[in-house]
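Participant: Residues per chain, in single letters:
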Amino acid sequence: MITFQNVSKAFDSLKVFNDLSLHVATGEILGVVGPSGSGKTTMLKLITGIVPPDTGTVTVAEGAVGYVFQEPRLLPWRTALDNVAGSLRAQGKDKAGARAAAAGWLERVGLAGFEGYHPAELSGGMAQRVSVARAFAVEPRILLLDEPFSSVDTVLKSSLMDILESIIRERRATVVYVTHDLGEARRLADRIVEIVPRRGVRELGA
Amino acid sequence: MMRSTTSHRRSLYAALGVAAILALWELLSLVVNPAIMASPVDTAKALAGLAWGSRLWVELLITLKRLVIGLAVGAGAGLVLGVLAGMEGRVRSFLEPLRWAGMTIPAVIIAVLAMFWFGLGDFTVIFIVALIVWPTMYVNTVSGIRSVDPKLVEMGRVYHFPRRLLLGEIYLPGIASPVMAGLTLSTGIAVRATVLAEVLGALSGIGHAFYRANSNLDAPQLFAWIVVLLALMAVIEFGVLRPLKRRVLRWRKEAG
Ligand SMILES: Nc1ncnc2c1ncn2[C@@H]1O[C@H](COP(=O)(O)OP(=O)(O)O)[C@@H](O)[C@H]1O
Ligand SMILES: [Mg+2]
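First to last, the sequence lines map onto chains A and B.
The C-terminal position of the first sequence is numbered 206 in this note's numbering, with every residue numbered one higher than the one before it.
The C-terminal position of the second sequence is numbered 462 in this note's numbering, with every residue numbered one higher than the one before it.
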């Protein structure tokens, strides 16, 4: 469950959100579309709490948050396995347990055999799959996806979306899926909203 | 293939550079009064004498011990303070005057002051070395911390990395490269500081032996101690620092 209540957010003089109210039910997959610079990433950051609202409140259900960034954002000095294991260790799992679970998730995203590779040795698509594995590994109650496949080519994108979709269906996390591609949103989301710059959101239906 | 050819060519030119220095030295020693300029051969003889009589190893060990302790204390302090200051602006502002003073006061002043306080000996040398070395490591560490990719830090915060993991997984590996550069710089400074401190404030060690050779007008020994210093630096740089750097920054290599 995620609720925005009369949220306003500005960066200096740039108003990104003005009195935004929005509710995402538990287990719902919300697609968020909007042009570049409209505030999609900011919306996700408000949900994580790393960016506080100027006014209003953002309420998020208890539990782990998985986040797939616009770019893979892996630690270049850690292997694929330890990048995934890191998010688990942050939850208090011991190193061995974290690695065992991480290996399972890497296999799940089709990266069995690449556990010991460093990010620079992986292609962009593979790195983004590690990032997906990292997000799922924490067993998220809330899953935030920020244009996760925007830098991946079309063929790969389709197979990544299949993986994502199957995992999302079985986990029943609350998902906010940000994209600037309406077609992508339609494929995955239960409901779609469009961010109208400097206003708020407009429902687009599914 | 490419790499090994280039590195071979590089070592060839480096060897030529060494040969040029030796040739120039030989030439100078032919022209200049041998009482003030020992020839390479005389220097080698003096060096052999020192090594044979074990004097060389005794002084070398004494100097090495002071160097390592002084460097460890100074660079360690610079690293710890640098991490704190890099992560916390208030600590940085607080330490800024100290850093400025540390970098501005001439090494000789620090050395003389330390002798004035503590007399001659190990502690004085170590104190001088640590005090001269810390600001370099500190500055490198601070700028390293501040240049850590903010996106990775954001990732750590999103995944609720506790302080221990933020430091161990993101900040410390993120500063490994500038810290290694700082350590290399610091080591060079520490060697110079150790010798300076030994010339002024000790009755043993390479610096003191050099000083004594000078008092005795023993040119071959004087030059022999210089060669010892260069050899010491070479062993530290190529035997310790470079392999360490290669190990610490291994993840970069694998990308290639
Ligand atoms: N930390 C920040 N400081 C200043 N401006 C920002 C910051 N984060 C985002 N912005 C601005 O807010 C607007 C929305 O950004 P963002 O949420 O990243 O858009 P989107 O993800 O939809 O492309 C942009 O104009 C961006 O420049
Ligand atoms: Mg964005």
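Just to be clear, a hint being listed does not mean it is correct.
Within a straight-line C-alpha distance of at most 35 Å, the following computed DSBU-like cross-link-like pairs (lysine-lysine) qualify [as the list claims (entries may be wrong)]:
hint, chain 1, residue 1, chain 2, residue 2
1, B, K451, A, K93
2, B, K251, A, K95
3, A, K157, B, K451
Counterexamples of contact, computed for chain B against chain A with all Cβ distances above 10 Å [what the hints assert, rightly or not]:
hint, residue
4, Y219
5, L233
6, L358
7, M361
Everything labelled a hint here was simulated from the structure, so no lab data went into it.
Even glycine gets a Cβ: it sits at the ideal position worked out from N, Cα and C.
Participant: Now look at each hint and say whether the structure bears it out.
Facilitator: Against the structure, the hints:
no.: 1; hint: B:K451 to A:K93; result: 31 Å, holds
no.: 2; hint: B:K251 to A:K95; result: 58 Å, violated
no.: 3; hint: A:K157 to B:K451; result: 39 Å, violated
no.: 4; hint: Y219; result: 31 Å, holds
no.: 5; hint: L233; result: 50 Å, holds
no.: 6; hint: L358; result: 6 Å, violated
no.: 7; hint: M361; result: 5 Å, violated
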